[in-house]
Structure formats: structure tokens, C-alpha cells
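Undergrad: Add chain B with the ligand to chain A, keeping to what the hints say.
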Amino acid sequence: MSDFPEELRALLRQPDTAKVIATVGREGAPHVAARPTLQLLANGDLAFAEVLDSSQLSKDLVYALWFERPIAIGISRGEAAWQLTARPWRCVVAGPLLKQFLLAARAAQGPDADIATVWVLRVDAVRDDSPETQRLADAALRPNAGAHLDRESLVRRAVVS
Amino acid sequence: MPRPHDPGPREVAALHPQVPFLILLKMDLQRRGLQLTPAALDAVQDPLYDYGRSYVIYGQGEAVRKNAPGPLLLRDGTSVLVLAGAQTADPYTVDFHDGRFVLYDAAEFIDEVDFTPRPDYYGKRTSRGVPMETIATARPQRLDLNPYRFCHFWEGGNQCRYCAYFTDVTATKALVDGKFPREVDPEDIYETVAEALKEPGRFSQVMLTSGADPRGERTFDFEVGRQIEALQAIGRNFKTRRFASELIGCAYDKQQLQRLHDETGLTSYCPDIEVWDPKLFDWICPGKAKFNGRDWWIRSALEAVDIFGPGNVYTNAVAGVELAQPHGFKTLDEALASHFEACEFFAKHGVVYLSLVWIPWRGSQFHGQKQPPLEFYARLIQGLRDIKRAYGLKAVNDDYRHCGNHGDSDLERID
Ligand code: SF4
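In order, the protein sequences belong to chains A and B.
Under my numbering, the first residue of the first sequence carries the number 1, and numbering increases by one thereafter.
Under my numbering, the first residue of the second sequence carries the number 162, and numbering increases by one thereafter.
Just chain A, same shape as in the assembly:
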């Protein structure tokens, strides 16, 4: 189980945070899917509701669980961005967690809303992936390298009269 910084916890609680899951299936094809219901459980696992067993994401998660392949999760909102590496840990088909997600779906979308499963994901690594954090890290690693020299903070402009 990985540590979740408070900023990431807060992001996961925001309804307008983008939450995407990247997988690779049996045929090796990469796949990305947005899953807005993704949320943090009390034990540090993540969970989200999946509507269909036949979705590409469901198939890829089963494949990843069976054959111990990692998946990636992207969490972002505005300039904030986090990158997580995880494993599909459990596919929940009945019980309190399924009921909780189903009732949430019905509260949001009406009484005919349905889900097939809840996927529980075990997070192995969490990384701050925001552009600012990356820039600072890059600057610390290789100062003066790579950036365009005409940037306002660098270049001294000749004053032409």
C-alpha cells in the first residue's frame, strides 16, 4: 500500500477531477478509460464502478489480475496531476461495496442505473506528475539544459531607440 499525500486525497474527492486508467490487454493493445467514480477506500486501495463485464477495461483488468501485469492511473485537475502504478486486486460482484457504488450510481443517474462490478485496485507507487513539479525536478537535475534561450526570464533584450 502506498502513501497518499493530502493533496491527492483531496483531488480524489473532487467531482470534476479527471481520473483515467491505462491498461494493456491480452493482445498487447494499450487502452485508456476515464472512470469518474474512482475513489480512495479506508485501507488505501482505490475502487471504482464498472458498468459492463464486456468493456475493454474490464477485460484488461481481468488479464492484468490473472497475469500480474501493472496498470497506470492518472489523476489530474487544472495544474495538479498525479501518476499511480497499481494492480487490479479484487473484482467485487456482491456485497456492501457493490451496493454502495450501485446506490451512488442510482442517486446520480436515476433508479435504472446499473453496474456489473466494483474493481479494487492496490496502489504500489504514487508520483506527483504536475508540470511544475516536473519542471523543478528537471531544473534541479540539469540546470541550464534544454529550455529555450529566448524565454523572458533568460534573455536580455537590447533596447532599440
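Source of the hints: derived by calculation from the structure; they are not laboratory data.
Fair warning: this is a prediction, and the values are worked out from it, not measured in the lab.
The beta-carbon is built from N, C-alpha and C at its ideal position, and this holds for glycine as well.
Take the hints with a grain of salt, since some may be wrong.
Some chain A residues judged to face chain B by a derived CB distance under 8 angstroms, without partners named [what the hints assert, rightly or not]:
| id | residue |
| --- | --- |
| 1 | 25 |
| 2 | 26 |
| 3 | 63 |
| 4 | 67 |
| 5 | 89 |
| 6 | 90 |
| 7 | 92 |
| 8 | 95 |
| 9 | 96 |
| 10 | 99 |
| 11 | 103 |
Covered stretches of chain B (chain A as the covering partner; in silico rule of three or more C-beta atoms under 8 angstroms from a C-beta of chain A) [claimed, not checked]:
| id | stretch |
| --- | --- |
| 12 | 181-191 |
| 13 | 236-243 |
TA: Chain B with the ligand only, in chain A's frame:
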């Protein structure tokens, strides 16, 4: 005497990298059974797990004395319908520590597991005072009903030789205050289903099965009439004409099948062939051979496709039983070839052929016979899945969420 080496799921997965460890584990759990440590048995008394005393009358042997849990759940969501009472000499063990159930093979930690949560309708009674869990049992997503709790093939010793169904009727009756008539009142069925459907997201399919009853003007007329009554009682709970349902029954003629389709909301039908080889069918399933023979059972499945549509008719094989001695196949290859021939034949006609792991239950004529090794099942399910995939067939009714008994339909999850 040391037990002969029996390669387990890890060894077999190494030999068959296309077959996931968890499916092999499930099939090995089915083969070898399960026992609970005292800590696990205490933990399943929790209201979340307590299924009450087990009413599943499938060769429990020494039934658990405390309340039993529901089906075991593996992490991929599949369920394993093994009862918590060892059927074999070396069952797996479920223990409970640090707030979770854990599975062991002897001293080796295998994986974290769970049990199916108890449905809300358990513990309630119908207006006639019948405990609802005796009317319908619950798998993770499937409601199982048994409208007629007797198989007439047992009269005169014509039962299938691997069958231990109904051998525990006396014990089961005692568990429910003697309220265990053969025939279930359709009103009890109606009320139980109505109650079960009050729980959000608990069920997505209804399954009916019964013991065989060949009586009637035409063979199985009594049985068909009863199934129609039960399905109509269930159907009163729905606004739509059809509801996701499966009937595992005897082999009915076309007119009977048409009635089931037209007079009820049934969506799929499953007459089990059990054993494909003609001679072994006659030996292993004498009741089916008597009423009305292998060709009749095959024809029924094929004719049902015209009525229910391709992919909505199933047939199960008790895989491994064709190796029972003295008359069974002598090699695994012969047995596999027989399954693949059957699967191809049925697939060509739009029927989904599924395999079940044979368990030589106590109470069955085959108790004490040797099961095939786990590797047999690894080869079998791959072959069956490949054949069905070639014909565009997928077991949507008997998948991991609804049935959980079939390694071959599990493999389809990533197709
Ligand atoms: S038909 Fe065969 S398997 Fe089914 S209950 Fe009767 S004897 Fe048992």
C-alpha cells in the same frame, strides 16, 4: 503412506502459461474441497457471511455443525461452489486472521479469499411460514430455485452414477423443521423472489433446476408443467415479458420447449448431456438412457436452439467422469478427444457445451474413484474455449458472475 505427487495450480500454470493460476486454483478447489479452521468457522458466523445451515443437498458428507458460509470468492470475482466440509483426503484450508480470510494448501499460503455475502432475504419466511432460504439459495449474482426436490431416476437405482443429490434429504428436512416437501408451492417461489429483488444489485439471473420427473402423458410432462408454474410465479415479479433466467432440466420435446418459451419469460435452457460417449452415457447415466436415450437428449438441445436462439442453449459435461472405471476411458487423451468432439458438434448447432469438474461425492456410486489430474482440466478448458470461440459462442448465462462452475467460460472473460 505418502500421497502420490499431484501437481497443483502453480506447477500446472507453469506448464500452461495461457491458463491463469486463479482458474486452476478454482478447479483444484473443486477437485479437492475445502475445510475451515475454527477461526474461519467462527468468522463466517458474522451476519455478513452467515448463510445459515447449509440447505444445499449435494453430498455434504459430514455436514458442518455450525452455520455454513456461502460460496467462496476468489479475487477475480469468481465463486467456488465447494462446501466447507472436506470431501477428499487433502482439502485446502481457509483460515481467518488480521480481519481477512486466507487460503492455505497445507502450510503454504495461497491467496486472500472471501465468502459470498449473505443475501437480505435469508432468515425471512413466506406468508405460509416457509424459510425463504429453503426456496431459493443465493450465489453471488444468481438466485437458484429448485421447484421439485426429488429425482425419480433414483427410483430403481437409475440415478447418474456420480450423483449424490438428495442423499441428505433427511438431514436437510431436520434443519427446516420438517417443512421440506418435494414440491414447492409457486406462491412461496413468487414471494421469495419478490423479497430477494428488494436488495439492490444482488441478483442478475434466476436459475431453476429440479430432480428428473419423467412422468406424464409425454415423457417429462409433469416436470415441464411444474417448471412452467414456477417460471410464471417468478415472472409476476417483472414488468417485462422476459427476465434473465436459465432452466437446467431434462430433455424435453419440441412442443414442451415451445410451451416453456411461449408461456413463461425463460431466456435460456440447459439439458445436460453429462457424458458424450454413447456407451459411457448409457453406463454412467442409466436414468437418462432409459428416458429416452442419448439421441433424444442431444436432439432436445438442438431443437431448443430453434426456439431460444443460438447461444441461449447450454449443455454441461461432468468432465472427468468418463475416466471412471471399469468401463471408462483408459487415457486422458481419449477423454479429451471425446469432449472436443462433443463441443464441436454442439457448437456447430449453436449450443454452448460447458465442462464441470467431477467430484466423486460421498453418497454417489462413484465415491472412491480416482479423479483426473488438474492438468487434464487445464488442457480441457483451453480446448473447449478455443472451439467455442471459433463458432462465436460465449457463455453469457453461465459466466463467472452467475454460475462460477466452469473454467472454460472463465477463460472467455478476456476474449
Ligand atoms: S438427473 Fe442425474 S444428476 Fe440430476 S438429480 Fe437425477 S440422478 Fe442426479
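Undergrad: Counting residues of the stretch 236-243 of chain B whose CB is closer than 8 angstroms to a CB in chain A, do you get three or more?
TA: holds (count 4)
Undergrad: With a cut-off of 8 angstroms on the beta carbons, see whether residue 89 (chain A) makes it to chain B.
TA: For residue 89 (chain A), the interface hint holds, since the closest Cβ of chain B sits about 7 angstroms away, which is under 8 angstroms.
Undergrad: Next item in the hint list is residue 90 (chain A). Is there a CB on chain B closer than 8 angstroms to its CB?
TA: 5 angstroms, holds
Undergrad: Would the hint on residue 67 (chain A) be counted as holding, given a Cβ-Cβ threshold of 8 angstroms to chain B?
TA: 6 angstroms, holds
Undergrad: Would the hint on residue 26 (chain A) stand, with a C-beta cut-off of 8 angstroms toward chain B?
TA: Since chain B brings a Cβ to about 5 angstroms from residue 26 (chain A), closer than 8 angstroms, the hint holds.
Undergrad: Answer holds if the nearest beta-carbon of chain B is closer than 8 angstroms to that of residue 103 (chain A); otherwise answer violated.
TA: Interface hint status for residue 103 (chain A): holds (6 angstroms vs cutoff 8 angstroms).
Undergrad: Please verify that hint: residue 63 (chain A), Cβ, nearest Cβ of chain B, below 8 angstroms or not.
TA: Holds. Min distance 5 angstroms.
Undergrad: For the restraint on residue 99 (chain A), tell me whether the closest CB of chain B is nearer than 8 angstroms.
TA: Since chain B brings a Cβ to about 6 angstroms from residue 99 (chain A), closer than 8 angstroms, the hint holds.
Undergrad: Under 8 angstroms, Cβ to Cβ, is where residue 92 (chain A) needs to be relative to chain B, so tell me if that hint holds or is violated.
TA: 7 angstroms, holds
Undergrad: A closest beta-carbon separation below 8 angstroms is what the hint needs, so does residue 95 (chain A) meet it against chain B?
TA: 4 angstroms, holds
Undergrad: Minimum Cβ distance from residue 25 (chain A) to chain B below 8 angstroms?
TA: This interface hint holds because 7 angstroms falls under the 8 angstroms limit.
Undergrad: Taking the least C-beta to C-beta distance, is residue 96 (chain A) closer than 8 angstroms to chain B?
TA: With a closest approach of 7 angstroms, the residue 96 (chain A) hint holds.
The structure agrees with every numbered hint stated previously.
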